[in-house]
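So the protein sequences, as listed, match chains X and W.
With this note's numbering, letter number 47 in the first sequence gets 71, and the count goes up by one each step, no holes.
With this note's numbering, letter number 17 in the second sequence gets 20, and the count goes up by one each step, no holes.
Quick caveat, the hints were computed from the structure, so don't treat them as lab data.
Careful, some of the hints might be misleading.
Once the Cα atoms are required to be at most 27 Å apart in a straight line, the calculated DSSO-like pairs of lysine-lysine come out as [unchecked claim]:
| id | chain 1 | residue 1 | chain 2 | residue 2 |
| --- | --- | --- | --- | --- |
| 1 | X | Lys64 | X | Lys76 |
| 2 | W | Lys54 | X | Lys76 |
| 3 | W | Lys73 | X | Lys76 |
| 4 | X | Lys76 | X | Lys42 |
| 5 | X | Lys42 | W | Lys54 |
Some chain W residues flagged as far from chain X (calculated, every beta-carbon gap over 12 Å) [claimed, not checked]:
| id | residue |
| --- | --- |
| 6 | Gln9 |
| 7 | Asp41 |
| 8 | Ile83 |
| 9 | Pro117 |
All of these numbers come straight from a predicted model, not from anything done at the bench.
Heads up, the beta-carbon is just placed ideally off N, CA and C, and yes, glycines get one too.
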Amino acid sequence: ETGVTQTPRHLVMGMTNKKSLKCEQHLGHNAMYWYKQSAKKPLELMFVYNFKEQTENNSVPSRFSPECPNSSHLFLHLHTLQPEDSALYLCASSHGGGGAVETQYFGPGTRLLVL
Amino acid sequence: GQQLNQSPQSMFIQEGEDVSMNCTSSSIFNTWLWYKQDPGEGPVLLIALYKAGELTSNGRLTAQFGITRKDSFLNISASIPSDVGIYFCAGQRGWAGNNRKLIWGLGTSLAVNP
């Protein structure tokens, strides 16, 4: 397996459900990202982890909870979501470490529908 | 949050035609990236630009880092059906702190008629 993988690719959940999105990168990178992609909007950065430490939280509601157990894995735990949270959730990774261009490599995304 | 102005918003062209799209910002950037996103997939990096005036090619794709450092251009020559997708620009203003965050355009949706 190469690059950045995400599971599941599609997810339908009710507003009271709890689910988790998983991302794994096989690029030897140290930084990982969660983005939300909605129609007619630019990519919205949600969370950034650098060497397993969360370095950015862009005012994301607490119903989204990230977890980064190591530099290769990133999770997004979902709880009590709203219909407006329906979107494509993209994971990305980059070399990290600061002082350089952070060219990001993306996974295929998880298409989430909240009913 | 800040976003880049990307145009055109969409294009519908005939196979074999050349395509031009651009991205502008009110701020100076030190890096420009161009990505393509196919339906149901994540964005894939096409070209990265690091220096004002830089012109870089990747097959039939050519991108330029504008001299003012506030814009970038992507050209596709002799388009083919597999060029269909959404093309995104992204820029980075600096190396430290909040300037390292990528700023994204809304994308240019390209359709190619065979």
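Going through the hints against the structure:
no.	hint	result
1	X:Lys64 x X:Lys76	violated (32 Å)
2	W:Lys54 x X:Lys76	violated (31 Å)
3	W:Lys73 x X:Lys76	violated (33 Å)
4	X:Lys76 x X:Lys42	holds (23 Å)
5	X:Lys42 x W:Lys54	violated (46 Å)
6	Gln9	violated (9 Å)
7	Asp41	violated (9 Å)
8	Ile83	holds (23 Å)
9	Pro117	holds (26 Å)
In this structure, the earlier hints numbered 1, 2, 3, 5, 6, 7 are contradicted, and the remaining ones agree with it.
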